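Participant: My request is simple: use the sequences and hints to build the entire structure.
Chains X and S, in that order, are what the protein sequence lines are. According to my numbering, the residues represented by the first sequence are 1 to 561, in order. According to my numbering, the residues represented by the second sequence are 1001 to 1353, in order.
These are calculated hints, taken from the structure and not from any lab test. Fair warning: there could be bad hints in the mix.
[What the hints assert, rightly or not] So the derived label-pair ranges between C-beta atoms look like this:
# : chain 1 : residue 1 : chain 2 : residue 2 : range
1 : S       : Arg1136   : X       : Gly310    : 49 to 57 Å
2 : S       : Ile1343   : X       : Thr318    : 44 to 52 Å
3 : X       : Arg511    : S       : Lys1239   : 44 to 52 Å
[As the list claims (entries may be wrong)] Dumping the calculated SDA-like pairs for lysine to any residue here, alpha-carbon to alpha-carbon at most 20 Å:
#  : chain 1 : residue 1 : chain 2 : residue 2
4  : S       : Lys1170   : X       : Arg103
5  : X       : Lys367    : S       : Val1317
6  : X       : Lys367    : S       : Leu1315
7  : S       : Lys1170   : X       : Val107
8  : S       : Lys1036   : S       : Ile1052
9  : X       : Lys367    : X       : Arg426
10 : X       : Lys532    : S       : Arg1136
11 : X       : Lys532    : S       : Pro1142
12 : S       : Lys1324   : X       : Ile359
13 : X       : Lys532    : S       : Leu1138
14 : X       : Lys532    : S       : Arg1139
15 : S       : Lys1324   : X       : Leu360
16 : S       : Lys1324   : X       : Asp474
17 : S       : Lys1140   : X       : Ala531
18 : S       : Lys1140   : X       : Ile359
19 : S       : Lys1140   : X       : Glu515
20 : S       : Lys1324   : X       : Gln104
21 : S       : Lys1227   : S       : Met1203
22 : S       : Lys1170   : X       : Asp474
23 : S       : Lys1324   : X       : Leu366
24 : X       : Lys367    : S       : Gln1322
25 : S       : Lys1140   : X       : Leu530
26 : S       : Lys1170   : X       : Phe168
27 : S       : Lys1218   : S       : Ala1199
28 : X       : Lys152    : X       : Arg103
29 : S       : Lys1140   : X       : Gly343
30 : S       : Lys1140   : X       : Arg426
31 : S       : Lys1170   : X       : Asn108
32 : X       : Lys192    : X       : Ser218
33 : S       : Lys1324   : X       : Arg103
34 : X       : Lys532    : S       : Arg1132
[What the hints assert, rightly or not] Partial pick of chain S residues on the chain X-facing surface, computed with a CB cut under 7 Å:
#  : residue
35 : Val1013
36 : Leu1017
37 : Ala1021
38 : Leu1025
39 : Thr1149
40 : Phe1156
Computed from a predicted model, the values in this text were never measured in an experiment. Ideal Cβ placement from N, Cα and C applies to all residues, glycine included.
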Amino acid sequence: METKMSLQLKDAIQQGLISGLVVLALSVIGLVALFGERDLIAGVFTLGQVFLYAVPAAMAFSLAGKLKAGKQSQALLFGLVVGVVTALPLILLVILATSVDIRQYLVNVSPALIDHLTYNQGVVVGSLMLIVVMGLLGVVAAGLQLLPNHIKRGILSGLIWTLGIGLFSEILSSRIRDFFGAAVIQYIFKSKALVAWVAGLIFILVTSLTIWQQQRKSHKTETARILTTEQQKKLQWAKFGGGAVLLLVLPLLLGTYLSEVMNNVGIYILMGMGLNIVVGFAGLLDLGYVAFFAIGAYTMAILTTQGQLGISNLTFWTALPICVLAAVSAGVMLGIPVLRMRGDYLAIVTLGFGEIIRILALSDLLKPYIGGAQGVLQIPKPSIGSLSLIKPEQLYYVILGGVLLATFVSWRLRDSRLGRQWMAMREDEDVAEAMGINLVNTKLLAFAIGAGFSGLSGAIFASKLTSIFPHSFDLLKSIYVLCLIIVGGIGSLPGVVVGALVLIGLPELLREFAEYRMLMYGALLIVMMLAKPEGFWPSAVMRRELHAHQDEASPETAGSD
Amino acid sequence: MLKRFQDISLIDVILFLIRVAIIVLVVWGTVATIIKNPYDASTWIDTIISGIAQGSLYALIAIGYTLVYGVLFMINFAHGEFFMSGILTAAVFLAVPMSESGFLDAHPIIGLLLIAAVAIIVSVAIALLTERVAYRPLRKAPRLVPLITAIGASFFWQYFFRGLYGSEVKPFPQIAVLAGKTTIAGVDILKNQIVVIIAAILMLVGLYIFVMKTTTGKSIRAVAEDKDVAALMGIDVDKTVSITFAMGSAMAGIAGVLYALVFRQVHFFMGFIPGLKAFTAAVLGGIGSIPGAAIGGFFLGMFESVGPGLFFEGLGVPAPHQLKDVIAFTMLVLVLIFRPQGIVGERLAEKKA
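Facilitator: The following block contains the structure:
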């Protein structure tokens, strides 16, 4: 009994130290101070404080959840310990930063950071406050774990919604202004953040709604859910129709800025659909995927540009199939030499290809043809008849068309003979070959179709931006696309859309994030692989497979211990 | 049966044609360059020596790839970041302040040893942390999974250190003793380069002896051979893997110091390209083999340094030195396609993992 208690206390201290170090890291790389300027709830809560409090709160919450039933009285104590220990490294930082000029080494340890950490109260009072606040936070987070399940869930979703709405206040307020007029705005929003009482209202509303819903769900029996096939079909059509109408009118609802964001998301969805075929269906990890995007973009550029580099005066629509064709043939040409490679070697070779293409695009060697570092300018936007699609709201439909086409093709391919061949190959090449699958054709088709989507995406990208430069096609773009299909769920079509919305859409809305985008992506890749390798919206096959793998692996690990 | 045979032979024909085309290009370029003779002898010697210096850096970094691939069969994509983290930290906290106070010029050996110690400690710490958090829990996962976390770790550390120290390129001080050239056997060589080459060769030989002669080295080789059997023999596999990571990243930390001595600047992105090229070197020599990594490193450094002048100049390519990286990456692609076992290595079969 006694030993168990002390063991757990040690755990709490350990968790507190980990969370303290994580928060310390977030502070010294500048996230806390940078987002300390961004209010979520006006005058009450900033995004920086989310970074400050989220980790210890989560740690205390999960630690309290691990306690056995009947031991819950300890939860509050442990929460307190986690919170207080978290504060210690931060206080060390505050003391260090106020006594030594640490900023010449660590650029982001600014006076603003220290002010945020000490609540503008000076070192001594501020440090004490930090301990008290962190301790209380730990107690509250751990205490939350003691509440009944439905209330717990209600409060959590209330928090997430309130902070989420706070985060997107700027966008929301501009949309509400457009539809309801400026008079409404001042009651809800104050300088890009929610007004406190509105935030409280949202919190109470969402919390009580969720609790009510949870309770209803637990009371309800399953009989109410059964629908006839006829009804199900109708429901499906209704959903489908609703979705289609929503997609069509979306630019009208969103306005220019958000439509532009959606267009960027769409470009990435297109690339994601292609890479999803290569990586998700066929299991060929391609890190040079951006090369095909570049080929599509450059083909569109030199075929349609009005500038000196132009070789023809084709319109967007006549050039488009040529771009796709160019990308497809590049896919086959790069595919042939790497047919015999597998797994990580393939990843590195494709990465090498991607870099070679980028360096060549930058070099003086190809400068007379594709402009070198100056890129290609004066690419016309697409037009229908005499109507030039200049505004993002109009371009949206071109991209939507491309996305729908790619989604449809992927969807049909997934369930086709070819799709099953890809998946067989992904599972085991040797067995697939033994089953009579022609690996050469199957692999080349995966490369070719994936490249085709990417080329299409690149072509639209070039004509959307009207000018392209080699640095748009660096390795980071391949990594973005890889990230988004992994986050969404490898091999899952809705996953590509979800991934693109989360990874491309959100950062566009949070422009301050730009500097930290790759940091987040890197962390996200690791966390996803550790915690949720099937992604947020997994395909059925992947979910089954990864969980089967876990079931297999767990006795094995248990045995080796 | 016949159809399948035809498919394979078609691919073989294409691969053969690619091979022939590249050989023709290289020979043509070389012959044309020799006929044109654009550079004098001392330029060539300079190029060769800087190639050797560059190659010894690649060799040191490549050791890390090879060791980790040897025991875990994974490409540690974040290795370039281990290289960067050490020297960047040492430069910010030690080298620049020591140079400003004049300490570095007054006591260059103590100063350099201090810098190297800090660089090694930081590199090793980052490597161990990465291994513990991002690799160890996934050791039994499908092979692509740790590769993806490694890519994630690579970008995470790059932008973490960017947030820590800022995004600008930081000058690394020139040490007075090492400035300028000296003459060895009638050839002028930059003193920096001599230090780099000698230090790298010492480290490589030391590491080789360590792995071959000590008990720890033996346990590393045992784990590389077969993890399960090694565990049965009483070897702590987790600890051995950690030691392997620590050794590889210590080499990377040293390489970082030497890199900074030669190029005299450090920044958060400095690890990525050298990391990729060192991986190329490891594959070129035969991944999994320590002498292979060394040979591959020197080869790659030579090719990269001499290549643009020798092959591209003759082909009439404008500004051939822009295409230095193309040579490295082309070699990577070609080696992986045509000779994945490398120069000295036996091929580590896919199925072994």
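Participant: Now tell me, hint by hint, if it's right for this structure.
Facilitator: Hints, one by one, checked against the model:
In this structure, Arg1136(S) and Gly310(X) meet the distance hint of 49 to 57 Å, their C-beta atoms being roughly 55 Å apart. Taking the beta carbon of each, Ile1343(S) and Thr318(X) are about 50 Å apart, inside 44 to 52 Å as hinted. At roughly 46 Å, the beta carbons of Arg511(X) and Lys1239(S) sit within the given window of 44 to 52 Å. Restraint check for Lys1170(S) and Arg103(X): the C-alpha separation of about 15 Å stays at or below 20 Å, so the hint holds.
Pair hint Lys367(X) plus Val1317(S) holds up; C-alpha atoms about 11 Å apart against a cutoff of 20 Å. Distance restraint check for Lys367(X) and Leu1315(S): the Cα-Cα separation of roughly 16 Å lies within the 20 Å cut-off, and the hinted pair is therefore satisfied. Between Lys1170(S) and Val107(X), the direct Cα distance comes to roughly 13 Å. Compliance with the 20 Å bound is thereby established for this hinted pair. Between Lys1036(S) and Ile1052(S) the alpha-carbon distance is near 25 Å, which puts this suggested pair outside the 20 Å criterion.
This hinted pair does not check out: Lys367(X) and Arg426(X) have alpha carbons roughly 40 Å apart, beyond 20 Å. About 16 Å separates the Cα atoms of Lys532(X) and Arg1136(S), which keeps this hinted pair within 20 Å; it holds. For the hint pairing Lys532(X) with Pro1142(S), the CA-to-CA distance comes to about 14 Å; that is within 20 Å, so the pair holds. A C-alpha spacing of about 9 Å is found between Lys1324(S) and Ile359(X), which places the hinted pair at or below 20 Å, so the restraint holds.
Straight-line distance between C-alpha atoms of Lys532(X) and Leu1138(S) comes to about 12 Å, which keeps the hinted pair within the 20 Å bound. For the suggested pair Lys532(X) and Arg1139(S), the alpha carbons sit about 16 Å apart, so the restraint of at most 20 Å is met. Taken as a hint, the Lys1324(S) and Leu360(X) pair is honoured in the structure, with Cα atoms around 11 Å apart against an allowance of 20 Å. Among the hinted pairs, Lys1324(S) with Asp474(X) is consistent with the structure: their alpha-carbon atoms are about 17 Å apart, no more than 20 Å.
Straight-line distance between C-alpha atoms of Lys1140(S) and Ala531(X) comes to about 14 Å, which keeps the hinted pair within the 20 Å bound. For the proposed pair Lys1140(S) and Ile359(X), the alpha carbon gap of about 37 Å is over 20 Å, so the pair is violated. For the hint linking Lys1140(S) to Glu515(X), the alpha-carbon distance of about 34 Å lies beyond 20 Å, and the restraint is violated. About 36 Å separates the Cα atoms of Lys1324(S) and Gln104(X), which puts this hinted pair outside 20 Å; it is violated.
Taking the CA atoms of Lys1227(S) and Met1203(S), the gap is near 27 Å; set against the 20 Å cutoff, the hint is violated. Pair hint Lys1170(S) plus Asp474(X) does not hold up; C-alpha atoms about 23 Å apart against a cutoff of 20 Å. This hinted pair checks out: Lys1324(S) and Leu366(X) have alpha carbons roughly 15 Å apart, not beyond 20 Å. A distance of roughly 12 Å separates the Cα atoms of Lys367(X) and Gln1322(S); the hinted pair therefore holds under the 20 Å criterion.
A distance of roughly 12 Å separates the Cα atoms of Lys1140(S) and Leu530(X); the hinted pair therefore holds under the 20 Å criterion. Taking the CA atoms of Lys1170(S) and Phe168(X), the gap is about 37 Å. The hint is violated against a cut of 20 Å. Restraint check for Lys1218(S) and Ala1199(S): the C-alpha separation of about 25 Å exceeds 20 Å, so the hint is violated. Between Lys152(X) and Arg103(X), the direct Cα distance comes to roughly 42 Å. Violation of the 20 Å bound is thereby established for this hinted pair.
The straight-line distance between the Cα atoms of Lys1140(S) and Gly343(X) is roughly 16 Å, inside the 20 Å bound, and the hint therefore holds. Taking the CA atoms of Lys1140(S) and Arg426(X), the gap is about 18 Å. The hint holds against a cut of 20 Å. With a C-alpha separation of about 16 Å, the suggested pair Lys1170(S) and Asn108(X) falls inside the 20 Å cut-off, and the hint holds. About 39 Å separates the Cα atoms of Lys192(X) and Ser218(X), which puts this hinted pair outside 20 Å; it is violated.
A threshold of 20 Å between alpha carbons decides the hint, and for Lys1324(S) with Arg103(X) the separation of about 38 Å lies outside it, so the pair is violated. Using a Cα cut-off of 20 Å, the hinted pair Lys532(X) and Arg1132(S) holds, with the two alpha carbons roughly 18 Å apart. For Val1013(S), the shortest C-beta to C-beta distance to chain X is roughly 10 Å, which exceeds 7 Å, and the interface hint is violated. A least Cβ separation of about 10 Å between Leu1017(S) and chain X goes past the 7 Å threshold, and the interface hint is therefore violated.
About 12 Å separates the beta-carbon of Ala1021(S) from the nearest beta-carbon of chain X, more than 7 Å, and the hint is not met. For Leu1025(S), the suggested interface contact is broken, since its CB lies about 13 Å from the closest CB of chain X, more than 7 Å. The interface hint given for Thr1149(S) holds, since its Cβ lies 5 Å from the closest Cβ of chain X, which is under the 7 Å cut-off. Because the smallest distance between the Cβ of Phe1156(S) and any Cβ of chain X comes to about 3 Å, under 7 Å, the interface hint for this residue holds.
The earlier numbered hints that this structure contradicts are 8, 9, 18, 19, 20, 21, 22, 26, 27, 28, 32, 33, 35, 36, 37, 38.
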